[in-house]
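**Q** Spelled out, the chains give:
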Amino acid sequence: MADENKEKTDESRRRFIKNTGMVAGGVVGGSLFGGLLTSQFQDDSDTQTKNKETTQSLQEARTFFSRKEDFETLAAATERILPKDDEGPGAIELGVPFFIDKQLSGSWGTNAKAYMKDPFYQNRQTQEYQHKDTQQNKSGPNTSTQAPSRTPRYQTRLNRGDIYIQGLRRMNEVSQKKFDNKFTDLEADQQDEVLQAFDNGEINMKGVAGITFFNLLRQMTLEGAFSDPVYGGNRNMMGWKMKEYPGPRMSYTKQVTSDEFVKMEPKSLRDYQS
Amino acid sequence: MAKKLDKVDVVVVGTGWAGGVISAELAKAGKKVVALERGDKKNIEDYTGVKDELRFMNRYQMMQDLSHETITSRNTMDEQALPVRTRDEMMAGTDTGGGGVHWAGAVYRYTPYDFEIYSKTVDRYGKDKIPAGMTIQDWGITYDEMEKYYDRFEKTAGISGEADPLGPERSNDYPNPPLKESRPVRLFKDAAKELGYHPYQVASANVSQQYENPDGETLNACMYCAFCHYYGCDFGAKSDPLMTVIPTAQKHDNFELRTQAYVRRVLYDGGNKAKGVMYVDTETGQEFEQPADVVVLAAFTFTNNRLLMLSEIGKPYNPESRTGVIGKNFNGQMNITFLGARGFFKDKKFNLYGGAGALGGTMSDFAADNFDHSDVDFINGGAIELRQYGEGAITSNRVPKDSPNWGSEFKKNANFYAYRNLTTWYTSAIMSWWHNYMDLDPTYKDDFGDPLLRVTNKYTDQDRNIAKFGIDKCTEIMEKMGADIIDKDEIPEEFDHIYQGGHYAGGVIMGDDPETSAVNNYLQMWDVDNLFVVGGSAFPHFPGHHPTVTIGSLAYRAAEGIEKYLKNGGQLVKGKQEA
Chain A
1 MADENKEKTD
11 ESRRRFIKNT
21 GMVAGGVVGG
31 SLFGGLLTSQ
41 FQDDSDTQTK
51 NKETTQSLQE
61 ARTFFSRKED
71 FETLAAATER
81 ILPKDDEGPG
91 AIELGVPFFI
101 DKQLSGSWGT
111 NAKAYMKDPF
121 YQNRQTQEYQ
131 HKDTQQNKSG
141 PNTSTQAPSR
151 TPRYQTRLNR
161 GDIYIQGLRR
171 MNEVSQKKFD
181 NKFTDLEADQ
191 QDEVLQAFDN
201 GEINMKGVAG
211 ITFFNLLRQM
221 TLEGAFSDPV
231 YGGNRNMMGW
241 KMKEYPGPRM
251 SYTKQVTSDE
261 FVKMEPKSLR
271 DYQS
Chain B
1 MAKKLDKVDV
11 VVVGTGWAGG
21 VISAELAKAG
31 KKVVALERGD
41 KKNIEDYTGV
51 KDELRFMNRY
61 QMMQDLSHET
71 ITSRNTMDEQ
81 ALPVRTRDEM
91 MAGTDTGGGG
101 VHWAGAVYRY
111 TPYDFEIYSK
121 TVDRYGKDKI
131 PAGMTIQDWG
141 ITYDEMEKYY
151 DRFEKTAGIS
161 GEADPLGPER
171 SNDYPNPPLK
181 ESRPVRLFKD
191 AAKELGYHPY
201 QVASANVSQQ
211 YENPDGETLN
221 ACMYCAFCHY
231 YGCDFGAKSD
241 PLMTVIPTAQ
251 KHDNFELRTQ
261 AYVRRVLYDG
271 GNKAKGVMYV
281 DTETGQEFEQ
291 PADVVVLAAF
301 TFTNNRLLML
311 SEIGKPYNPE
321 SRTGVIGKNF
331 NGQMNITFLG
341 ARGFFKDKKF
351 NLYGGAGALG
361 GTMSDFAADN
371 FDHSDVDFIN
381 GGAIELRQYG
391 EGAITSNRVP
401 KDSPNWGSEF
411 KKNANFYAYR
421 NLTTWYTSAI
431 MSWWHNYMDL
441 DPTYKDDFGD
451 PLLRVTNKYT
461 DQDRNIAKFG
471 IDKCTEIMEK
481 MGADIIDKDE
491 IPEEFDHIYQ
501 GGHYAGGVIM
511 GDDPETSAVN
521 NYLQMWDVDN
531 LFVVGGSAFP
541 HFPGHHPTVT
551 IGSLAYRAAE
561 GIEKYLKNGG
571 QLVKGKQEA
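Protein sequence lines correspond, in order, to chains A and B. In this text, residue positions in the first sequence follow the UniProt record's numbering: the first is 1, and each later residue adds one. In this text, residue positions in the second sequence follow the UniProt record's numbering: the first is 1, and each later residue adds one.
Since the hints were made in silico from the structure, they are not lab data. Since we're looking at a predicted model, the values are computed, not measured. Don't take each hint at face value.
[To be verified] Straight-line distance between alpha carbons at most 16 Å, and here's what the computed EDC-like set of lysine to aspartate or glutamate pairs gives:
| # | chain 1 | residue 1 | chain 2 | residue 2 |
| --- | --- | --- | --- | --- |
| 1 | A | Lys117 | B | Asp450 |
| 2 | B | Lys349 | A | Glu244 |
| 3 | B | Lys349 | A | Asp259 |
| 4 | B | Lys412 | A | Asp86 |
| 5 | A | Lys117 | B | Asp447 |
| 6 | A | Lys84 | B | Glu409 |
| 7 | B | Lys3 | B | Asp281 |
| 8 | B | Lys412 | A | Glu244 |
| 9 | A | Lys113 | B | Asp65 |
| 10 | B | Lys412 | A | Glu87 |
| 11 | B | Lys346 | A | Glu260 |
| 12 | B | Lys180 | A | Asp259 |
| 13 | A | Lys117 | B | Asp446 |
| 14 | B | Lys412 | A | Asp85 |
| 15 | A | Lys113 | B | Asp40 |
| 16 | B | Lys349 | A | Glu260 |
| 17 | A | Lys113 | B | Asp447 |
| 18 | A | Lys254 | B | Glu181 |
| 19 | B | Lys348 | A | Glu260 |
[As the list claims (entries may be wrong)] Away from chain A, derived, C-beta distances all over 12 Å, residues of chain B:
| # | residue |
| --- | --- |
| 20 | Ala29 |
| 21 | Asn43 |
| 22 | Pro112 |
| 23 | Asp128 |
| 24 | Lys273 |
| 25 | Met278 |
| 26 | Gln286 |
[As the list claims (entries may be wrong)] One side only, chain B facing chain A, incomplete, derived with CB under 7 Å:
| # | residue |
| --- | --- |
| 27 | Lys51 |
| 28 | Leu54 |
| 29 | Leu66 |
| 30 | Lys180 |
| 31 | Cys225 |
| 32 | Ile394 |
Positions of the beta carbon are idealized from the N, C-alpha and C atoms, including for glycine.
Please build the complete structure, drawing on both the sequences and the hints.
**A** So this is what it looks like as structure tokens:
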């Protein structure tokens, strides 16, 4: 039954995409209608869900990215980092682009709690730091408790929001140069090639290394997929369902002492607080 | 113009474990105590019902706001130090309770070897075992002298554990039984036992049952909810200053806690007495002078050092001449510690979404000088641990090293291995060196125009050799545990300026000789009789175990010293050279 629904969903998604002509190339191009798209084919569920969906859609509009094109590029890039496949939903379906938009418009995006006083040095030393731990993710005391993402020294005058705007536009430039096309219009494997060039540290940007932008993008894509849905990603806890993550609960005493894996339906922070 | 306040008996800077213990003990003794905390006023309700991985783990809700002040960092004296700008790179606690609120709760006493590291190393291996440039020294106190303070702290904090079979003598058992044994912990212990080692349960400040401490504070039983390290406890089941020493102090009218009080100077104009402290109320910008008979710096290592330097107290360490003490022997757990092996299990799936900060197995077979170092190219050692902190969904995205880091293949592996990977690590000790130190930065300033603290720190062969030894031992255990894929950690070439463990120490080090130490074994400054500097800043090197319990226990020792000083005055200990 579940599979049947999924098939139906996929089919209607394809048709919707085709009809609207939104996507050229192999992937959902992360359009402005990313959120709408998802609600569209979940409409056959019950009314309660439908209302919830509507509310969620109302919270999905760009408040950081002014240009639609930047947002579409972002959406397409996150979808390559976490693509929709047999494993489950991809970044767009999980609401990751809107999560990132919201995060960047707040204190994280403006580096409110970071030391941003001058002077900033743009020398070989600061360049090297950004390329430093490309192979090893978090190491030392945090290896066990923090998301496995790279942590280079942050030595740029740009805040995280600035890095995104510049990085996404640079991504389009690289796409044009390599494939004579916008990032959103590339085939999936071409998009991967562009992202890989950033990941490899081959792309230069102004005031920051391309790899630093990529690290940030990868980290925030994971955050958007798997943080509590209250932040706008992990839509309907689909990310947690995919990971079999049960969410915040009163107690895991029983599970911790069990030798069998105990699978539970996820609960959100909202459930926990109510 | 600073507003001058009425004099008090004791002013305490910082409200973490160190400042909390001092405040509680002196408030109980009837002294008029003012504690100054630069962060916000918090109590346990601030951490109730807010279990949210993004907010606490990825956005560092409980860590210091670096926009006002941070440190700068470099590897060698000829480099330009750069600021540590983001909270991705710096873990320093703030608000009431300090770093004691977000700690994981792993409890280890330091060993007799560590307190007398210089003498004991020379005794067993000869002087040549200590390489040129390594500046380790005896701490001026022995384990036997420390034992009663450890016992006291463990009772205050309701520590739950079993004795280390290879550990030093204890006067009492832990006040509570150990935490439950999860499957990963049992797997680790069984493997270690099979290899002939002596594993046991990590002693924990996540309390195993409801407990009332000697001060009458009640702690609840741990729920293994996983929101522990980086979080305040949802249930009052993790022993922290907010559940113990702060409320104990607050029961006394002679204690006052002032938050948003950012101390800028110790008031000192030469001689052997400090007059008090100057601080700014960060809500209004008003400056205050708080005079006191005794000044206690009980802040984080960085702040203790910086305040002494800004106030021109003590002789600053000069690496060129290798003289002076303030800022000397910077040490701590960086990305060269906690290395080991991560195992991926194809046919075992663990309930890793549950856990507790200090739930784990450990062993001391390769700790301190418990094994013969004649044929290894390093001294000291560390614990080998397997910890089950409990993992949030963002964290649980680990994949084997040869797997891609993004894309479909990554997603598949990250989902598959989310509950199928475990790590063992070696908490290797960090020795001190003439070239690792702290001073004031010539370029970067805080909000008030005061210089930031500058750290100069690099790794040595000792660090790389002990790390390699640990990785090999951890790999051996992981193989025995039956992992299908084992990723051995790589040894970093150099310190990467990421301060993400919260365990940084030294600079105001203890010892028995005023020429080579800043404080005596009551953490009283040799140069200034009424100034006590309490915290990790007193560690002359970093032993191979987590530091908190030693900081708390030294605080009990210091509180005893402060009471003695208030009664009799003068220096409490005779310096080695005077003696």
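**Q** Now tell me, hint by hint, if it's right for this structure.
**A** A quick look at each hint next to the structure:
no. : hint                   : result
1   : A:Lys117 with B:Asp450 : holds (13 Å)
2   : B:Lys349 with A:Glu244 : holds (11 Å)
3   : B:Lys349 with A:Asp259 : holds (9 Å)
4   : B:Lys412 with A:Asp86  : holds (9 Å)
5   : A:Lys117 with B:Asp447 : holds (10 Å)
6   : A:Lys84 with B:Glu409  : holds (12 Å)
7   : B:Lys3 with B:Asp281   : holds (11 Å)
8   : B:Lys412 with A:Glu244 : holds (13 Å)
9   : A:Lys113 with B:Asp65  : holds (5 Å)
10  : B:Lys412 with A:Glu87  : holds (6 Å)
11  : B:Lys346 with A:Glu260 : holds (15 Å)
12  : B:Lys180 with A:Asp259 : holds (13 Å)
13  : A:Lys117 with B:Asp446 : holds (9 Å)
14  : B:Lys412 with A:Asp85  : holds (9 Å)
15  : A:Lys113 with B:Asp40  : holds (15 Å)
16  : B:Lys349 with A:Glu260 : holds (8 Å)
17  : A:Lys113 with B:Asp447 : holds (13 Å)
18  : A:Lys254 with B:Glu181 : holds (11 Å)
19  : B:Lys348 with A:Glu260 : holds (9 Å)
20  : Ala29                  : holds (36 Å)
21  : Asn43                  : holds (18 Å)
22  : Pro112                 : holds (25 Å)
23  : Asp128                 : holds (31 Å)
24  : Lys273                 : holds (35 Å)
25  : Met278                 : holds (23 Å)
26  : Gln286                 : holds (24 Å)
27  : Lys51                  : holds (4 Å)
28  : Leu54                  : holds (4 Å)
29  : Leu66                  : holds (5 Å)
30  : Lys180                 : holds (5 Å)
31  : Cys225                 : holds (6 Å)
32  : Ile394                 : holds (5 Å)
Hint check: no violations occur; every hint is consistent with the structure.
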